[in-house]
Each structure stands twice: as C-alpha cells, then as structure tokens.
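Protein chains in written order, with the UniProt record's numbering: chain A, 1 to 629; chain B, 1 to 629.
Rather than coming from a laboratory, the hints here were simulated on the basis of the structure.
Small disclaimer: the values here were computed from a predicted structure and weren't measured.
Treat the hints with caution; some may be incorrect.
What the hints assert, rightly or not - In the EDC-like style, the derived pairs of lysine to aspartate or glutamate whose C-alpha atoms are separated by at most 16 Å in a straight line are: (1) K84/B <-> E539/A; (2) K84/A <-> D555/B; (3) K199/B <-> D201/A; (4) K572/B <-> D40/A; (5) K199/A <-> D555/B; (6) K199/A <-> D348/B; (7) K572/A <-> D540/A; (8) K199/B <-> E204/A.
Read off the chains here:
2 protein chains.
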Amino acid sequence: MKTSIATVSLSGMLPSKLTAIAAAGFDGFELFENDLLYFDGAPGTVRSMACDLGLEIYLYQPFRDFEGVSAAQLQQNLERARRKFDVMHALGVGTMLVCSNVSPQVIRDDALAIDQLGALAELARQSDVRIAYEALAWGAYVNSYKHAWHLVQAVGSPYLGLGLDSFHTLSIGDDLDMLAQIPGDKLAFMQVADAPVRKMDVLEWSRHYRCLPGQGELDVTGFVATALAAGYCGPLSLEIFNDGFRAAPAELTARDGLRSLRFLESQARDALASAANTEAAGTLAPLPPAPASADLQFLEFAVDANASATLTTWLEKLGFLRMGRHRSKDVTLFQHGRASIILNAEPDSFASAFFMHHGVSLCASAFRIDSPQEAAMRATKLGYALYEGRVGPNERNVPAVLAPDSSLFYLVDELPDAPTLYESDFHLTDFDGPTEAGPIVGVDHVTLSVPGDTLDSWVLFFRAAFGFVAEHSVVLHDPFGQIQSKAIRSRDGTVRIVLNASVDPRTIHSETISAYKGSGLSHVAFRTTDIAFAIRRLEDDGVPMLRIAQSYYNDIAARFNLDDAFVNVLRKHNILYDRDVNGEEFLHAYTEQVDHRFFFELVERRGAYDGYGAPNAAVRLAAQATHRG
Amino acid sequence: MKTSIATVSLSGMLPSKLTAIAAAGFDGFELFENDLLYFDGAPGTVRSMACDLGLEIYLYQPFRDFEGVSAAQLQQNLERARRKFDVMHALGVGTMLVCSNVSPQVIRDDALAIDQLGALAELARQSDVRIAYEALAWGAYVNSYKHAWHLVQAVGSPYLGLGLDSFHTLSIGDDLDMLAQIPGDKLAFMQVADAPVRKMDVLEWSRHYRCLPGQGELDVTGFVATALAAGYCGPLSLEIFNDGFRAAPAELTARDGLRSLRFLESQARDALASAANTEAAGTLAPLPPAPASADLQFLEFAVDANASATLTTWLEKLGFLRMGRHRSKDVTLFQHGRASIILNAEPDSFASAFFMHHGVSLCASAFRIDSPQEAAMRATKLGYALYEGRVGPNERNVPAVLAPDSSLFYLVDELPDAPTLYESDFHLTDFDGPTEAGPIVGVDHVTLSVPGDTLDSWVLFFRAAFGFVAEHSVVLHDPFGQIQSKAIRSRDGTVRIVLNASVDPRTIHSETISAYKGSGLSHVAFRTTDIAFAIRRLEDDGVPMLRIAQSYYNDIAARFNLDDAFVNVLRKHNILYDRDVNGEEFLHAYTEQVDHRFFFELVERRGAYDGYGAPNAAVRLAAQATHRG
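Bound-form chain A, shown alone (with noise of 0.2 Å):
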C-alpha cells in the first residue's frame, strides 16, 4: 500500500516536516492547512517542494463545520470551500477532509445534511476534487462512521466518499460490521491512529495521546484489514496528535511512523489470510515472519577493568561459573542453570561505547530463535539497522538488530549435530555444564530503564521487529516521580522484558540525592524455584539482598490474611510477596544495588502467577531510595 503521513503528526516547520517524511520512506503525505497557513510562500512552492522531494499530497485537511448549518451559512461554507479548491489545485491535491460538524448549534436532521453535502459535492465535482467526510467521535450530530456512511450513501456522488480514522471508530468502541459492507469505491480516505486505553473524554484522548499503530492497545489491525477487504485502496495514511511527537525530532517520528505501517500493512496482511480474503491479502506486502518462539540464550554486559570484577564477584556469589574465554575477544561466559551472563571487556568494541555512557549496562541480548537470517531480514525491512561485528576464524556470524538505545539484539539458532554459538565462539571450560546445580533456575525476566521520551520506540521496536506481545502499563510510585512501566514479552511468553521510564525528567535528574536514578536502574530477574532456599544460600555465599522496611510484613499479613510462620520468612529474608485475582502467588526479593544503576532479582512464580509484583515496586523503589544513603 502506500503510505502516508499527516504534517501535524511532525514537529517543526513545513519544509523540515517534508523532508524528515521523504528520508523516512513515505510515498506521500497529508497536508495540515495550519502547516500552509504557517509556511511563508505560495501554495505552488509546497507543491514543488513536495515534487522534489517524490512526494505526493494525497489529501488537505481539515474542513471544519460543514454540514447541519442554516441556509445563509450554507452560502458562506460553499465559498469558503470554493476557496480551499483553489488552494487545492495550487497544491496539486485532489481530495478534501471535511469533519463532521462539531457545533453546540448543528441542525440535526439528516435530510438537511444530506442535501447540504450533496451541494458540498457538487461544487467538488465542478471543481473536480473529491471530498472525503468523517465522522468524528466528537461530532455534535454524526459521530460514528455508519451516520456518516448513511449520509454520503443518500447523496449518491462520486465526488463525496466517507473519510475512516481508526481512532474515531475504535474510540467509541463501534463495530466494523457495517464497514465491511462498504463498496470500496466510497472509502475516499483512510487515517490510522492507535491509543493506549484511557477513561478520558475522546476529545482530550485523540487530540494528546493518540501514538502510532502498534503502539497502543485498538485494534486497528482489525479496523485496516475489514476496510482492505471491503475494497479501499488509497493509501495507509498516519494522524498522530500525540504531545511527545510534538517536541521530538520530526526525523526520529517520521522514521518509526513508517515502522508502523509497513508492520500494520504485514499484519492487515496476515489478518485478511487467515480470514482466506486473498485477493485483499495479495495487494498487501508481507514482512518475513516474526519468530514464533523465542528464548533468552545470553545476556551481555559491558565492562571496564573494575565492572568487570565487581560483576563477576557478584556472578560468583550468586552461584555463577565461568565456563569459557571468548577465541578472539576480551569476552567472559558465565553460566548458573540456564542462565548465561557474558562480559565483555573488549577494548574498542560497541559494547565498550556503549559503557562509557552508561556504567554497568545490558549492552546486549541475544534470542534464540528459529530463523535468525528472516528475522534479520524483517528488522531490516522495517527499518532498523544490523550491526556486523568483527569475526575470528571458525566463529559464528551472528546478526544483531539496533535497538532504539543503540545496544544489540542477537539472533541465535542451534542446529542439532552442529556446534552451538559456545562451541563455536568460546573456548569452553566444561562444555557439561556445572558440577552442581544452584538455586537459580534461569533468566525470568529483564527490566530495562529507558528515557521517558524512547518508550513508544521501544515498544513499537519489540512489537514490530520481533512480533512481541505488549501487556497494559502500569504506574509505578518512586519516592521522587511516577515509573511507566509497560511488559512485553515473545509470542511464546518465554522472553520476558519490562521497560520502565521515569514520567518526570526531575524524577532521573533530582539532585537531592547524590546519583540517584529514579527509573534508570536496570536489572535480571532470575528464577528460583523455591526462593527461600535460593536466598539462604546466596546469602551464605554473601550475596547482600536489599533490606524490606518491617511495617510492609505487618502489612502483607494484615491484607492477604497469611499465617504468620509463612509471613516470618518473608520478613527473614526480605521477600515480597503477591497474589493475584485467582490466588497464584508472587514471591520476589532484590540484591542491593551492583553499581548506581544495575542490581538483582530473585522471583519464584507458584501456579499460573503472570505479573512482575507491581504493587511491590514502591516498596522495592523506597527500600533502593532509603538504603542508598
């Protein structure tokens, strides 16, 4: 399909909006009459620009207040029209949005609109432009597209089709039966947008928190798929008011914007496939499919000389051994259960970038998965870039994606009969594993701080380039702001990763207390089977766990109704504890802090529990706030 973009969705003036659209990849945009309005030159120099650049102006929006207007005002709204044509055919632009009218005062009688547009279409038709007329979910009189599409279906011209906007039907929560029974030749327009689900007037909600498709939690997959199917075929075009793309760079916007829509266009694709439409299916172009399943195989950190003992006298401590040296780099394997932790020390490499601005970090993960080489080829197609690392002899060629924060996502397979990526890369200490197994079972789940302003790429990056699954945010309470926290997790649900983004730029940056972080603390959460005994004998070998304020125990007895032996070995070594809806049981405890912004969990999941024990985190973020001094 071809794809498009809204100038409002851009930060920054007209000419710098049109650039960042083309280097992004769009076929073409829609015009934003406020962008004309503030761009100092003639109508004909936007179209030569636009022309320059190989962008099409698929559509001029918005036209305001139409419709459902007294006799006098009619007059002026044709003239007004009549005007917007003129600009229209300066800027080469064939088609027109017109909303439905939002008015306190509107006539709501239909008749009345219907003969009113009718007279909309037929000066377009004099003029030869099209009108494409949406229903807002806010209009004072027609608010759905089935009122909309009653309209435009009585007056019968070529010249007026029905506007769709995803938000403006799946915000009010309206179905798509009717749409599906549309003739394409009436859908004039599409625009996508998705939301996250907030209890908010739709107004408020569309005009501030609207984020690209994949982003957010409608389902306008669904909403694409039934209006391919019914036969639209202009192009996938983004409106996007969102109040962080209005101050980040239009470049970094337009780039993810096109992220979206081709990973839409694939899964409008997949949709309209297995719905066994593929004649609408074929006119779609598909991704490489996204993994299936995916494993954590390794996790790797960045060290210098003194990251590099304080991590592997922690690896040590928490049972870790060291199974094997790198063949050609400064690169440690450490391995406890199915847990593997890499250190790389290796001067001059991406990964010792990556530490000089971030002290102890992830500065890489790599995913077992099937077909590296297609998940590779789908990353690219999306947009993100690969990085190819320097290889010795004999070793594995492993592709990496680039993540929004620039550290590495590596693809993995394992054949069997062939040598694993270990075998290949390392020189291995005990290719059989440890002697003796310890109470960590394996990675549960990685927790990765992130700039409030990068969460929406990193979602949409997890979501499109790996398939992953997103779950609801939640709002974690520091002591000094307010965490988003948003899950994701693989298809499969066996990689688990949170981001968490400080909502305040203070809450990172407060200067109350010396290299305080807020948010910017990362950290792996390793699985236990019984947690109480994984504690006694990591607290044996010294592991220093982060000490839980006592009233929280008197608490949790008191709000769970637990016995108070049980309650008494929380309280002995600093567990937390949770139980959900169905009574599956959470019970979870950290280390103190590594460095000032890396530390450890541990977490044993009893039956079905499927959260990170959310309401704990203020307890976990007061107890870090308190004991760091």
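Given the coordinates of chain A, work out where chain B should sit on it, guided by the hints.
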C-alpha cells in the same frame, strides 16, 4: 487555624518529608499509610521524629473499602481496623480516615452501611480513637458528603465524624447547602485541594491533577468558609496528588503549601466577614490586605555593555526617550507615553547576577500601589523574601518581593506633594516628559517565560502575594512542542502578566535549531491606539517587524469575512487579527527578536476585547521559528 499536609503530597522518604514539613512551618501532618510502610522503623520512631520536629500527627490515612460488605468481610475489616488502631496508638494519632467503599461488589444498602459504621464506631470507642468517614467522588455507592453525612448522622456516635475534602465535593459540582447545616463537632477532619477544571474521569483527575488552593479553579475558599461557619475547628490540611509534586523537591512544595493555606485562611476570613459571620471570621488569621488596584510603574532589564547598547538602540527606535540617570547607580530611565523602562548595568548588583544566567531579561518590575509597606508585610507573612538593596542618600527605600525565579517585584507608592520615585532616585533629563507624544500609550502586558515545573509556583505568587486573579490556562502550539499559557491580572485589571511554560522539556532544549528556546522567549507588549499608524512610524524609525506568512491573511479574510482594504493594511504591516464572540477586535504585531530570548509586541484593543490573541500565538511562534533560520 492549625495547618497540616498529607505526607503523600511530597516527594521523598518519610524522614525528609517531615523535615520539609517542619521547615515550612506547618503545625502537623496526615500520615499516609504507605509512607509508614516504606519507612524502615517502628511507628514509635515516627512519633519521636514528629515530636522532635514539633509536628503533631493529625490523621492516619487511608482505610479503604470498609462498609457495605458481607458479615464475614465485616469481621475481617474490623480486625484490620483494630490492627490499625494499635499502630495509631504507637504513633500517637487520634483520628483515622475511612474512605467510602470503591469496590464494585459493595452492597448498596444504607441500613447495612449504618450498622457496619456503627460497629466501627464502637470499636473506635473501645480504642479511644476517632473515625473521619469521607465520601470519595468515585465511591461505588457513597460518593457525596451528603450521603456520607446521612450515614454518620444515623450512627450518631461521637467516635464517628464526617471527613471533608474540597476536591471530592467540588469536583462533582455538589452544592454546600447541607454542609452549612452539619454540627461542627461532627466534622472530624477537613482536607483541602484545588484543581484546574478538566474534562476527564474524576479518579484520574484527582490522582494526577490536584494542586494547591489558589493554583486551580475550584471554589476552595467557599468550601472552607462554609465548613468553618458550620463550626469545624480542626486543622486545615492539604492532600495534593500531583504528578509534578511527586518529582519536585519536597522543600519547595511544602513552602508553597503553607503559603497556600495562609492565603486560603485569609480568604475564608474575608468571605465570612462579608457574610457578617464575625464569630467564625474572628477565629481566622488575617493577612494584610492585597492592593485593590495596581499599575505597572516600570520594567527593569539587567544589562551588560552589549545588552545595554542593543536595548538602548531598540528603545530609541521605539520612540523611548532617555529621561534620567540614577543618582548613585549605573541605571538609566527610558520613557515613552506611560511606559517606563529601566536599564540596570550596575555591576555586582542582583541585576548583574540575574543577567549572567538569563541573557537579556526582565530582572524587576514595579507595581505602583497604595500601601507598599502593607503589601510587603503581606508577602512576608506568606513566606516570600524581601530584597533590601543598597540605597543612596535621599533615595527612596522601595520594598521588593522576590519572585520564584529571584527576579524582583518592587512596590512603589507616589504621594501628592511628595517627590516621585523618579525625582528621588534619578537625575531627570526632562521632568515634564517627552515633548512629542509617540505612538505607544503604555505597557499592555508582559509575557514571562517560566520553566514548566514552576508555573504553579508563579500562579500562587501572584494570587497570594498581590491578590491578582488568574484566567483559565490555554495551550499554545509551538512548532517544537506545546506551551501552557496562563494569564494573570491585578484585581482592577490594569496590570496584565501572561505566564508561558513549555509542556515538554525538549521544547526549550531542542537541538534541532541552534539557540531555539521555545517558550523561553519573553516579551513586553505596548499598547497603541492605532497600530497601523504606530507601525508606520516605528518602521520609519527602523524597527524591524516580524514577517507573517502571507497565507495567514487569506485565511483570516475567509474566516472573519474581512474586507480587502482592511486585510491589505494588516498584511502590509504584518499585523495579526482576532475577534471575540462579541465582535470586539484585537490587532497586534511583533518585532523581530531583540536577542535569542526577547522581543516586543504592539497591540491595539478595540472595544472591550479582553484577551491576548491566543489563536494567533501559533502563527507568531511559527514565524519566529522560520525567521530564526
């Protein structure tokens, strides 16, 4: 009245919260249970800390979902309450807040709720504590103070009173008639919070957007006055859930918090006094009265040699005359019409320190009022610092109040038959004023760019210290983000100040365009009686006006149905146009930027137009972004 604040209103850990509360001068606090939970120490330790700081613990809160439950649940809830009462005894706090049940499973039966609250009151009697039962605005069954009072009254126990919260009542638009009738001894506690009016879910509104009394738009004064008239005699306690406060330093929030309570108390006193309730008014502490009227006496810029030359050139082109030099300082007075501008080049003064940080900027403003000493005393009582400058022989000692950014607001009076401030402090060039009247009448308004996280502090400053009134905020669209704009004016409407704050910190730190400052731009708007005439004069004198995009004029011609000749005048002089719902008109134009953060505006108000041309702000911001290059 005793002053109190809920610990949940402040950032940080409990010990630092209490230190901030004591330092600000509160009498006591409400202990939010989570703060105790996160504190790694016994309740007795909190009691000692509070005692050492001279703070009383007025309330333990919140206790949730007590009433309207099954018999079995009631027993659990009573047991839970009993445990809390034990904690309260250890803390030394006598009152517990019980919030109305928010569970969808609540049993909607008054008789049952009365029985169960009666059982709680009986338990409270046995433990010698008191319950304040509060209706949450989103309570599942009980959601108004009227309903809560019906239950409390029916129980009829001295151990069960009504908990009031201004937000819960005002947010749902409830009237106060019944409140006035409740016996004072049944009003167990009163929490106060203000909020901007927002169209959103009341729970979300309450949790994220509350602000200090005086910073929002609810009639908190009327609420408090009614409760006091009814005989409430407990503390006035702030409970502010605010995303910004969660990340702000606790000391600043606490200091503004106490100011807001002093201001609220004095306003409630005035309200009761006007209602001839001298008895209730007599229990409240007054503030020295705010000035009934104010005029802008002068604006003072901090300048170094370069800035002095730049501004002098600009002022001379704008028709200002150099009217005097300060008797003892390197300070120059310029005047044009009723506008006075002072350039302060004094080294080692507050102004020079100010200039170092801000570039060309307003370092002081002077309000001409009737009783400067009284107004200064008022500001002092509210905890605002006064500035005492160096005063030469025979010069006037003018009190000045420090604003949130440490700029000064001088308070000046002029008495008949006494030398004016200018006569006292300046060698005047020409005391009789300019020989020829220029096109500028005086200052219309001043727009201050303030950091987003200080906007609420600024609003409170103007409202509390000077008794100014605030208008509803509007959002302005900058090409690189959004700006929240709040207009403030003196009670008589003469002094007008507009506060602009970038919503997203990236807007003022954008690296896209070098030296781009978003809302970082401040400006002074001069009033004219004929803006086209004024601009012709000023352009002749070399004042460069900001060029407006030509499309703007086509748009307003169509939008307002303006005649061509008029539009041509606007277009020729780059004048922007607005018209209000009553047909009153506003014409305004901007100069090019004086430096990277300052410019001038010229305005002509026709008839009773009362705004600032907000619909044109985006046009101005876009033009500035364009011509900044």
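- request: Could you check the structure against the hints above and give me the numbers of any it violates, in ascending order?
  value: Hints 1, 5 and 6 not satisfied by this model.
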